[in-house]
Amino acid sequence: MITVEHIQIAAFLGAGLCVGIGAVTTGIGSGIIAGEGAYGIVKQPKANDQLFRTMLIGQAAAQTAGIFALVISMLLIYGRSDAPEGGWYKAAAYLAAGLAMGLGSIGPSLGAGYAGGQACKSIARMPKHGNAIMGNMLIGQALSQTSAIFALVVAFLLMYSIPNQPEGITVGRILVKSVGLIGAGLSIGLGTLGPGTGIGFVAGKANDSMGRFPNQKSNIMRTMFLGAAVSESTAIYSLVISFLLIFAL
Amino acid sequence: MELTLAHGIVKAAALLGAGLCMGMGALGPGVGEGFVAGKACEGIARSPENASLITRTMLVGQAVSESTGIYSLVIALLLIFSS
Amino acid sequence: MTKKKSPMMKIFIIFFVVEIALVLISGNFTKELEIGFDNGKFVFRQIESEFNLQEKITEEFQIDEYNAQHEEVKDLYGSEKLFSVFKTLSMGETPVGTFQLLRMLLIVDIVLLFMALFIRKFLAGRPSKSQLIFEMIYTMLEDFVRETLGKDKIYYTPYIVTLFIFIWICNMIGMIPIPGFMEPTRNLNVPLGLGLMAVVVVHFSAVKFKGAWKHIQEYMPHKNPLFILDIVGEVSKIVSISFRLFGNILGGAIIILVVSSLVSFVVFPVGLNLFFGVFVGTIQAFVFTMLALTYIGVEISE
Chain H
1 MITVEHIQIA
11 AFLGAGLCVG
21 IGAVTTGIGS
31 GIIAGEGAYG
41 IVKQPKANDQ
51 LFRTMLIGQA
61 AAQTAGIFAL
71 VISMLLIYGR
81 SDAPEGGWYK
91 AAAYLAAGLA
101 MGLGSIGPSL
111 GAGYAGGQAC
121 KSIARMPKHG
131 NAIMGNMLIG
141 QALSQTSAIF
151 ALVVAFLLMY
161 SIPNQPEGIT
171 VGRILVKSVG
181 LIGAGLSIGL
191 GTLGPGTGIG
201 FVAGKANDSM
211 GRFPNQKSNI
221 MRTMFLGAAV
231 SESTAIYSLV
241 ISFLLIFAL
Chain D
1001 MELTLAHGIV
1011 KAAALLGAGL
1021 CMGMGALGPG
1031 VGEGFVAGKA
1041 CEGIARSPEN
1051 ASLITRTMLV
1061 GQAVSESTGI
1071 YSLVIALLLI
1081 FSS
Chain Z
2001 MTKKKSPMMK
2011 IFIIFFVVEI
2021 ALVLISGNFT
2031 KELEIGFDNG
2041 KFVFRQIESE
2051 FNLQEKITEE
2061 FQIDEYNAQH
2071 EEVKDLYGSE
2081 KLFSVFKTLS
2091 MGETPVGTFQ
2101 LLRMLLIVDI
2111 VLLFMALFIR
2121 KFLAGRPSKS
2131 QLIFEMIYTM
2141 LEDFVRETLG
2151 KDKIYYTPYI
2161 VTLFIFIWIC
2171 NMIGMIPIPG
2181 FMEPTRNLNV
2191 PLGLGLMAVV
2201 VVHFSAVKFK
2211 GAWKHIQEYM
2221 PHKNPLFILD
2231 IVGEVSKIVS
2241 ISFRLFGNIL
2251 GGAIIILVVS
2261 SLVSFVVFPV
2271 GLNLFFGVFV
2281 GTIQAFVFTM
2291 LALTYIGVEI
2301 SE
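Chains as they are written, first to last, in my numbering: chain H, 1 to 249; chain D, 1001 to 1083; chain Z, 2001 to 2302.
By construction, these hints were calculated from the structure, which means they are not laboratory data. We put the CB at the ideal spot given by N, CA and C, even for glycine. Do not rely on the hints blindly, as some may be mistaken.
[What the hints assert, rightly or not] Coverage of chain H stretches by chain D, computed from C-beta distances (three or more under 8 Å per stretch; other residues unrestricted):
id: 1; segment: 169-176
id: 2; segment: 202-214
[Unchecked claim] Derived BS3-like pairs: lysine-lysine, alpha-carbon spacing no greater than 27 Å straight-line:
id: 3; chain 1: Z; residue 1: Lys2237; chain 2: D; residue 2: Lys1039
id: 4; chain 1: D; residue 1: Lys1039; chain 2: H; residue 2: Lys128
id: 5; chain 1: H; residue 1: Lys121; chain 2: H; residue 2: Lys43
id: 6; chain 1: Z; residue 1: Lys2237; chain 2: Z; residue 2: Lys2153
id: 7; chain 1: H; residue 1: Lys217; chain 2: Z; residue 2: Lys2010
[Said to hold, decoys possible] So the derived label-pair ranges between C-beta atoms look like this:
id: 8; chain 1: H; residue 1: Met74; chain 2: Z; residue 2: Leu2106; range: 53 to 59 Å
id: 9; chain 1: Z; residue 1: Ile2013; chain 2: H; residue 2: Gln8; range: 29 to 35 Å
id: 10; chain 1: D; residue 1: Tyr1071; chain 2: Z; residue 2: Phe2209; range: 28 to 34 Å
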């Protein structure tokens, strides 16, 4: 028989995993940006202010996914209802929500970090076009965070739209539904890892090229949009599978 | 019809497998397509007169490298609906 | 020399001020602000409500289920006449979510029509500012069409421009703070329909420019059974193009709702509305349009 403690254990486990896994690459990404920024100041001491500003803004944008993970884990710790009639469904859903957002913030943070680092490098090379490069950096980072947004959506749906476990159903049925929910969390969590990193790579290369050939701005941006949009499609397949696992069972 | 325990275990394993299949399967194509698009950005900056050719090559290359992602999608759908 | 504020900046500032004023008036989020029509009278009031996140999410995103639990349909719609017409049209069975969606689509269509007539009426040799903005959008997309499809296929431009403006208005309209207003693209049916339409246009153009037999032959060059996976790839094109739009807009809506409920004051929801409404909405409309265009371009190129 399930008690309140079981649901609590699942939620706390989910919260810990969420922010624990999510913080890893958030740190790495911010570190990349800071490193490139510092190196850029060495190469181009005159662009000191601009580089410092870009570095801070880039780091803030790269930490978005980490902040999503923090929000989910706060909600898991403080914002859930501990009614025992939620049953195994709720326990599995809380654990899955933590896994989804935790794993889901790995890729986007890393990608946004790479994009920000390349932007700092480009600005050090061409301080005159700093504003255009910074705008491109922000757009690229926002594109790479869209897969983190998918993970966040699935985590919220897992936390708030799963019904309580109905009375008098067999163990087999409970097993299918709860394992299905965990599968949904894993699907979107792992599925955003690749696209997040990939889109970050696209944005980084775009920033780099913009520093080399500033007059090709519109061409580069357009290719970046298209490439990033197509790279995102596997994250969207994961989202579809997660929706199916949550709602179609 | 209610599930027996044995059937439940099989179906649960299939669902977990579906989630893992799509999750892991999306990893490779995502990074790969990103690599293609990044290099295409670089190429277009270098020789803008070939822009439409590069864009087309990029899209075809991404479509091919996405095929393993589509295989994962098919397998995941099969696991969800046929077990 | 003083630097003048650009019109874009002005729009942002007005947006900020309005949003902050709305949030301040509504105090904290256990009280809700209501603007709308009730019994034919204009209403602007605060209503007390217990903020229950679970219930709120059900109300916003699973509206049929919410109404099955609560049975207070007419409160959500204001006008009962429209609803009764819809009821007779759909022969008794009334999914409320569909009604809301159709109403929003109707509003978007009216806005589009009005915009078209308005701009057409004030076309001038020396263009006004609004005309300039639309001409800029049109020429930009026209350039993309020319680059992708070639000079002789420029007649694809109206389809592309209509697609962009329609999706853009759909994404923007949800920001208007009226109860019951939502982005039509938040419902899966709208992006799926648009994606289906785009893929049909792609294959129609391929058949038109290359011939039906050659187009089919391209799918099985070596006569092996793997062409089934190519067909799956075609279907997944529809899925990816429409779910991208749907997922982004739905995600923005959910995040704004949840964060507004967590933070009881001011600044956060405003910034989120700016980011998800203006920025992500515009980017996703652009991405959808560009993908539809390049799918056509890849299919009809030799």
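Hint check results:
1. 169-176: holds (count 8)
2. 202-214: holds (count 9)
3. Z:Lys2237 with D:Lys1039: holds (23 Å)
4. D:Lys1039 with H:Lys128: holds (25 Å)
5. H:Lys121 with H:Lys43: holds (10 Å)
6. Z:Lys2237 with Z:Lys2153: holds (23 Å)
7. H:Lys217 with Z:Lys2010: holds (26 Å)
8. H:Met74 with Z:Leu2106: 53 to 59 Å: Between H:Met74 and Z:Leu2106, where Cβ atoms are some 40 Å apart, the hint is violated.
9. Z:Ile2013 with H:Gln8: 29 to 35 Å: Cβ of Z:Ile2013 to Cβ of H:Gln8: about 47 Å, so the range 29 to 35 Å is violated.
10. D:Tyr1071 with Z:Phe2209: 28 to 34 Å: For D:Tyr1071 and Z:Phe2209 the Cβ distance comes to about 31 Å; the hint holds.
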